[in-house]
Structures are given as structure tokens and as C-alpha cells.
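Now for the letters of each chain:
Protein chains: 2
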Amino acid sequence: MRARSFFISTLKEAPADADIVSQQLMIRAGMIKKLAAGVYTYMPMGLRSLRKIENIIREEMNRAGAIELLLPMVQPAELWQESGRWEKYGPELLRFKDRHQRDFVIQPTSEEVITDFARQEIRSWRQLPVNLYQIQTKFRDERRPRFGVMRGREFTMKDGYSFDRDQQGALKSYDKMYAAYQRIFTRLGLTFRAVAADTGSIGGDRSHEFQVIADTGEDLIAYCPDSDFAANIELAPAPCVIEKREEPKEAMQKVPTPGREKCEAVVELLGRELTSSMKSVVLAAERFNEKGEAVEPQIVMILLRADHDLNEVKAGKLPELKDGFRFATDAEIIKAFGCKPGYLGPVGIKSDIVVYADLTAAKMSDFICGANEEGYHITGVNWGRDLPEPKVADLRNVVEGDASPDGKGTIRLQRGIEVGHVFYLGTKYSQALNATYLDENGKPQVLEMGCYGIGVSRLLGAAIEQGHDEQGIIWPESIAPFTTVICPMNYSKSEMVREAADKIYEDLKAAGVDVILDDREMRPGVMFAEWELIGVPHRIVVGERGLKNGEVEYAYRRTIKEKQMVKTEAIVDFILNR
Amino acid sequence: MRARSFFISTLKEAPADADIVSQQLMIRAGMIKKLAAGVYTYMPMGLRSLRKIENIIREEMNRAGAIELLLPMVQPAELWQESGRWEKYGPELLRFKDRHQRDFVIQPTSEEVITDFARQEIRSWRQLPVNLYQIQTKFRDERRPRFGVMRGREFTMKDGYSFDRDQQGALKSYDKMYAAYQRIFTRLGLTFRAVAADTGSIGGDRSHEFQVIADTGEDLIAYCPDSDFAANIELAPAPCVIEKREEPKEAMQKVPTPGREKCEAVVELLGRELTSSMKSVVLAAERFNEKGEAVEPQIVMILLRADHDLNEVKAGKLPELKDGFRFATDAEIIKAFGCKPGYLGPVGIKSDIVVYADLTAAKMSDFICGANEEGYHITGVNWGRDLPEPKVADLRNVVEGDASPDGKGTIRLQRGIEVGHVFYLGTKYSQALNATYLDENGKPQVLEMGCYGIGVSRLLGAAIEQGHDEQGIIWPESIAPFTTVICPMNYSKSEMVREAADKIYEDLKAAGVDVILDDREMRPGVMFAEWELIGVPHRIVVGERGLKNGEVEYAYRRTIKEKQMVKTEAIVDFILNR
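Protein chains in written order, with this note's numbering: chain S, 1 to 578; chain V, 1 to 578.
Be aware that a few hints might be false.
You can't tell identical chains apart in this list, so a pair holds if it fits in one copy or across any two.
[Stated by the list, open to error] As a list, the in silico BS3-like pairs of lysine-lysine whose alpha-carbon atoms are at most 25 angstroms apart:
1) 33 - 428
2) 97 - 33
3) 249 - 408
4) 176 - 12
5) 262 - 335
Just so you know, these hints were derived from the structure itself, not from any lab.
Work the whole structure out from these sequences, hints included.
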């Protein structure tokens, strides 16, 4: 490609509403252009990168035996009603009526339609397993679209669905996709982690998020540098950090702590460590009588060592909370404990309050907690002696330094951007839509499913969050809109330069390099800055001075300040061997 | 590809609601599957063909210097309001409100958004010309979707838009696209015509439809077998077929023609030729007073030789009708002529009725027409003698045998399916959206535009309408989901067959042939019927009997009954040289 025949459009400044570096750089580099909130045009430069991502995904999906199809973007409401998501899905689901007043949606995902496809198309066990995917535009009407293509409303996704005879088969399909995703993100040149993730209401342990590592990520990942362990913080098991509960040494004592509602403030006043203090969190789960009317909620008190934080996903798995919970209101707390928040504790409370202690909290002794009386805490509290032994569960987020659950080292935390998700679905949708096949005995059996998503357009943003510097984007080679740029000095005026640049351009093209020749005759500084912003990995500068020595200048985007002279006749091999 | 690893799903019968052969065959061959009215899933087999079409279009668009981008499918109402199409576009335009009650559309076409893009991105004459295109899903909420992918609601389109400094440049861009379209449809292996088409309200003469020739087409094309002339019937000039008007020979005479309302019935009664009778068509154009209130419409009487038909597009260009017209109602006709339809004529009518005669009608003499009195006609009517000379215009459809307007032969008619359209837009959208660039003198100038569409998914249907027989689809090689199928006899049981089939398969793949090996071990008759239905161009049958003579059987889909034995070692070259 020659720059004059292409569409390059860069900006000095990002618009004020670009709220994250990848969005700023994509707009400045002329990759995308905003049309409406969360709705972007892919400019020619951006589309090249998007297509490269799509092609890598397509190749690896095909290699893994998945088969591509294309489901409609517009889907009839009936199928969404059958699965129950017509009602359950929030306003993110764009619903509309056609001219005949029939209800439709613009698909944000396609479980319903693919399950409907399968129940019509899959008749026999002989047709299984099968794995179908598509790469397609989706729409999710986010309340607050942000972060450019990372949380847009219109976006490109690869969504795939596997169908199997039984759970064993489904888990095999899952593992295949897991391996394919490893290959995909490796080929995309990204630093990523496959992270165990919550399975929500499906249950089971087969759900992994693929997270691109970036400090700006919304997700927190716990991993062990000395082993394979990696999990979304929501799911990472947090160990008990106290080996053995000490015998009580102190007597229980009520102490005035006026205005000290936080554990930090209490221990500061008392001259104690934060780890000697117990944090109380009060949750509420709705309850209903036989007529279905809401009655008083179940109050659950969670106790954590004061330096630990509640993990809500883990709390949500407690029997009392598994059907949904929320934080208790101040009014509910006052009613249950006779005291406002800030001075709560588990001592002497009503018997209908359920108390859970985190693994670590349950091993504490001589601890400090609220006295359930405004302005007072209690010190020297001990389980068994001063209050009943609590129910115990893992209820906190892991922190750096916690032991890895595989016993192979200690946990570290990092931030990530979710770009892929593999999920064992079981029969959630096939049951709802009655998607069955006939087994060897001619008996109908419900299909076992898995679903596999990749945020194609989001990957562009994630790659930039991971790779950029002050000059602009640093693309992985496989996603860069072009891998090599030739910058000639005085292209039109110097015949020597023009001939050399043209020859290198043609030779690189012939060698299969995705090269662009900048024939726009801009000032060198402006031209270099533009290609650094766009983030093309390899830059070749062709100038008379170098050519007189039979050389051109090479620079690698990641180390753009380190220039190197390369013999003109060797430059093609040099690029091919980088 | 091996058939077992692919998704093949054929049907013996088409569903009852499939109303055209291409739709029936696409559904039976497992190319598409209906999800809702006018909304289809592309099954793996169909998607392969769709992608092949897309790729050919993409290659040729790029070769012609056009640059691909991707505009959003969801577009804000504001731009459509700016162009005026928010109001003007009928209910085919899917309008919806997002969760914040803002108005949006799902794009059926993208003139507004690309013009908005251009007005932001194109600043200087130095950036011109530029031609931008996309290949993308569109939605048009057809009242009565039909013909499968030929008139669906959700469909894939290539839409492109050129921007130029002036009309001369725009016409150059137009010609480039015209040439690119010729290459595209030629490469797609279709018999087609580029046909001059109506430019509607834009004016000018640069609008061509690309029509795939098929008897089932909705459009009628006039062409000259001895020259390049081809035009949509709406636009083809119709000559006067009477060289010179004869002198009057008869006296005018009122004759009773009770119950004879059609010209055919009148001439039958009178024992005359149809060509001696004049047909009257009465049109009405709304008129408004200064307050904008509708007043009596302008009545226009069109006279045609009775064997000719009115061309409404031509009528719409008459000065009295150019702002829109309709057929007059019976009540309006009775009011204007004092007589019901069936007995109307131009003799003795009120002076405020405008009369136009078609070129041929104006040369008629001693003709028959209605007497404006129920049950009566007049014979021996002559222009100038019995009534004023009429205004004259080309107002009829051409018929077979008419002289070609280029004087090189006679017109023939054939039916076609519109699959592409190139259109010189001028400044229609750029003016409305104020899309300007700065010329060499720094003065803003309105951009000159062209638009260029190809119905990508419709092409699948058109190709089948053009190519099919009783067995099924006959794909052009370039669109076929696979170009070659290997059908082994007893694949699993005969080692000889398996080895030979596998080797041919691997060799063909290595030679770049898009081949599928049918390893499903079906009965030969069923297997052959399936591939004939799917329409793969080349079939190789590998069986023990042939192999013992060192041969395999070859058949070409278009002449499927002619089988031919080919030496096994020569089959790859044979296929490559077909």
C-alpha cells in the first residue's frame, strides 16, 4: 500500500470525552471515529487491524474443528421468551417492533438462536459433537458506554457454541476451545492469562476468562508466579492465614471509642494492630411468606479480619444468600442490632441473625469488635468463650502474599481486561428450548452445551492498553495495521531515494510483508510522529545520506529511539528475520 | 474439507412458503435457514459462497483504488433528519429509541453517515478523489419480504461512495466503478448486463443497474443484440414507428360500441387492426393554493397507440407531472370528461386538460378513440383536423422489434435481477449536510458524490436463478461452496478406495483446489443427489472398478449425465485445466 492511496487521518489531540488511553490513541491514530455514544466507525486503518484479529480467530477456530456460520442480527422475540431472557435481560437488550408490530431484538449474544438451530438440525447422536461459531456485529445498549471499543454498544464478537451428547463430551469440547483460545491470544501477540471464573447460576467449575494483562484493566486477577494458578479475584480461594487459634489471654472489656467507626480509627485509638480487629459486614436476603409477600429479610453478619475485604461472589454461595442478597440498610441494621453501623459486633446478638466468619476471622483470638452500642467497642473477645463458635467459610478476597491454593507459592495480583470467555453451559438453554437428539437407543436426550466468546473489537483496545508509550500505540506484529513503514526523505525530489524506496517496497511486498510506503512527502518529524502514533512495528528510513553508504535506517517501534543502519540490499532479509 | 468435519444438511422438499426456485434450492441445499420473515441464518455451506462473493468484490474494489472501512449499523436519527430522509423514508427504515429515548435507525444504506464522515475528514482538495466502501449487514423492513435472500429484510450489501472536486471528477470515479463492476460480475461467472437506469430526482444520465439475466427476474431489460445498447425498460427510448403521418382519408364518425371498454374489444367489433386504435390514460397531479391547501388536481391525458403501454418513469418527466402524479380516480375522470373510463378520447375535451401523445400516437391518422360518451367511440379521427395538434413526448415502453436508439439493430427484451447499481449522486447529500472541501484558493466547495451498491446476499439467489436444473443448483465455479467433490465408493471398507481418495484429496488441496471429500459413507445414489443439489461444479467418483483400470470417474455439474473416465494420476491436472 502507498500512503497516498490509503486513508490516513491522525489528530494531535484526543477529544475531551475519550476516557482511557486506548480510546484516545485509537481516535488520534485514525483507527476509529465516534458516531454516537458507544458507536464507532472503523476507519480504514482500524479496519485492517480488526480484520487481522478476525482472521487469526477464524483460522484457529477452524483448526480446532469449529464450523463458521452467520446468525441473523435481528432475532424474533419468541425465542428469547422461550429461554426467559426476554424478561430477565435488562435494558441492555435492544427490543423493537417491526412494521407489523412483531417484537424483535438486536442480538447481544445468540444462545437462543443457536439452540433453536440445533434443535431443528441435530437429530441423531451421529451428528455430535458439533461446534458452530460466527464473527459478527452485536449490540448491547449499555447505560454508560465508555472506554471506546472496550465497552461500546455496537461491537464485533466471535461467539461459538458446542453441542455434545453428555457432560463428558461437553467438557472435552470445552478443553478444545480452551486450547484454541490459548493459541489465538498467543498468536495475537498479547500477554494474557486464562483465569478461572465464576460460573454464576450454572454451577460447575468450567468457566475461564481470558484476560489481557494491563494496569488499566477493570478486572483483578490473582495468580501464582510459581505455578499455573490464576483466577479472577471473585473466585480465587483465600486461605486462613492463622495457623492455630491462640488460647484467650485477655478478659472481654467494653471501651469507649467515640466517633471511631472504622476499624483503622479504633486500633489507632487503642494502640493495637489492625489484624487484631474484626470487621462486621451486614447482609440481607429477602424472604417471602406462603402468599409470596415479602416478609422481614434474613440478616446475615459476615465477620472478617479488619485488613481483609468481603468477596461478594463467595458470600453469594452461602446457603442463606444463594438466591440473592444485598447490603442491609441502616434501618434494618438498627432494628437487628439496636445500634447504627460503625459499632457492630457479634457478641450478644439476637439468635435469628446468622453469623459467618471468614476462615481467618474464625481463628482470631482476643480480638476487638463493636459493642453494638454507639461509641463503644469491645476488646479481648474470644470465640467459644464470649460468643458461640461461628459458621466458617472462605469469604474474603485474596491479597498479595496469601498462599497459592495449589501450595506452590504465594499469590500476586494484577489487573486484566477480559477479552474471551469459555463457559460450560450444561443444559441451561437446551432444556429451556427442548433441544434434544436421539441416542443409540432412539431415546431423546437433552443436548449438552458450551459457549465461547471473544470480544474482537475490544481486543483492539486491550492490545493498546497493554502496548503504548508517550509517542502512541505499540502494536503486536500480528495486529498492526501495517507491519512495516518505509519513510523516504524527499521522495519526489530525489530520484535516488525514490528508486531505492520503491525497490525496497516492491521487494518487501513480494516477500509477503504488509508494508506501506509513505509517498506523501511530509516533513520527516511530522511523518515519524504520525507512524509512531499509529504504532507500526518496523520503520525504514530511506535518505540520500544513507544510500550513499549503501544503507537505510531501521528502527523498531518498541525501542524507537535506537536507530540502526542496515545495508540496503540486506533490508528485506533483515525485516523478515526480525 | 472432509464432509464429516463439515455441516451438511439437505432437505428432500422445500418448505411450502419458499416462493421462488433459488429460495427453494438454497433451503434444500442447506445454504440458508429461515429464522423470521425475510431473516435468514447463513448455514456453513451458504456462508462459504457468501464469503467468496465478498472476497471477489473486495479484491476488485481495492484494485480500483477504493478503500474499505466499516460504518456502524446503528446510526443516530440526527443525520437522517439533516438529509430529510428521517421523514421521507417509508416504514422500510427501521427506527428505534435507545434506553435514553434517543432516536436511532438500523441502516438500510449509509449516504448520511458517509457524508458526515467526509465533511469531518475531507478538508482539502489534496485529499480528493477518495472512494470509500464497506461490506456489511443491512436491514430494510420490507412490507412483504419474499424470494428468500433476494428480497430479505436483513441482508449483506457492499456500499461504496466516491467524493470528488467537481462533476468531471465524479464522472471519472463513476466510470472507474462501472469498470470494476464489470470485472466483479465477470469474475463471479454470471451472465449480466449493465443497463442504463433511471436517475430519479437527481437527473443526469449516469446511473446503471447491473442485471443478472434470468427469466424469473423482476426487471425488464431492453437491449440490442447487435450493439452495446441496454437499458432498464423504464429508461429505454421508444422510437416512433410511423415514418410519416398519412393524410386523412376518413370522415370522423361516432359509432356505438356498447360494453366495449378495451381497445381490443372495440377493434374486434369494428373489424379493424389494434394499431388503428388510440389508448387514453388519465393521470392527475396534485395542486395547492397559496395557503398550501390541496385544490383540484391537474388532469393530464396521455395518448398511446393501443398496442403500446405507458411508461410511468417517462410520464414522470413531463413538466406537469414532474413533482409527482397518480392515476386519476373514476370520479375525477367523470368530472373532467363527463364519461366513465373505457370510452375516453381527446376529441372535444375541456381546455384545462393537458394532452400528450406518444411519438407514435402523434403520427397516427384516421384513428379510433373513445367518444367521451358511454357506449360510443369515434372512428376516422385526425390530428389538426378534428382536434388540436398534441404535445408530443416519448411516453411508452419499448417493445421487441423497436429500432435500437443507436440505430444499430432492433430491440429485444429480457428479464433481469438487479444485483448492482452505480449512481452519480451529484451534491444531493453533500449539499444537505454541507460537506465541503477547500479548493486551491481556500474557498469551500461542495463535494461531488457517487454511490455504488452491490447486493451481496442477493447475488446468491440471482446466481441460482440463472444456474439450476431439476437436480439442483449449478454454481459458477467462483461462488460454489466447494469447487470439487470427491465421492468415494465404500470409503471405510475398501482400503484401495480410501487410499486413492485420500491421495487425490491431499493433492487437490495442495494444488489450491477448494475440495471436499465425502467420507460419510452414504449410498452412492443419495450421495450423488446431494452434491447435485448443492451444485458443486466438479465431481470425482473413486471406486474399485475404475481404480483397477487406474481410473476415476469425472462429471461436470452442468452436464452431469456425461461421465468420463480419467487416469487417476492425471486427475489433479485435469481438474486444474477444466
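Checked hints:
In this assembly of identical chains, residue 33 and residue 428 lie within 25 angstroms of each other by CA distance solely across copies; the values are 24 angstroms between and 39 angstroms within a copy. Taking the shortest alpha-carbon separations for residue 97 and residue 33, only the inter-copy value of 22 angstroms comes in at or below 25 angstroms, while the best intra-copy value is 29 angstroms. Taking identical chains as interchangeable, the C-alpha atoms of residue 249 and residue 408 are never at most 25 angstroms apart, the minima being 35 angstroms within one chain and 115 angstroms between chains. In this homomeric assembly, residue 176 and residue 12 never come within 25 angstroms of each other (Cα to Cα): the closest approach is 45 angstroms inside a single copy and 35 angstroms across copies.
Taking the closest pair of Cα atoms, residue 262 and residue 335 come within 25 angstroms of each other only inside a single copy of the chain (21 angstroms); across copies the shortest separation is 92 angstroms, beyond that limit.
Violated hints for the displayed structure, listed by number in ascending order: 3, 4.
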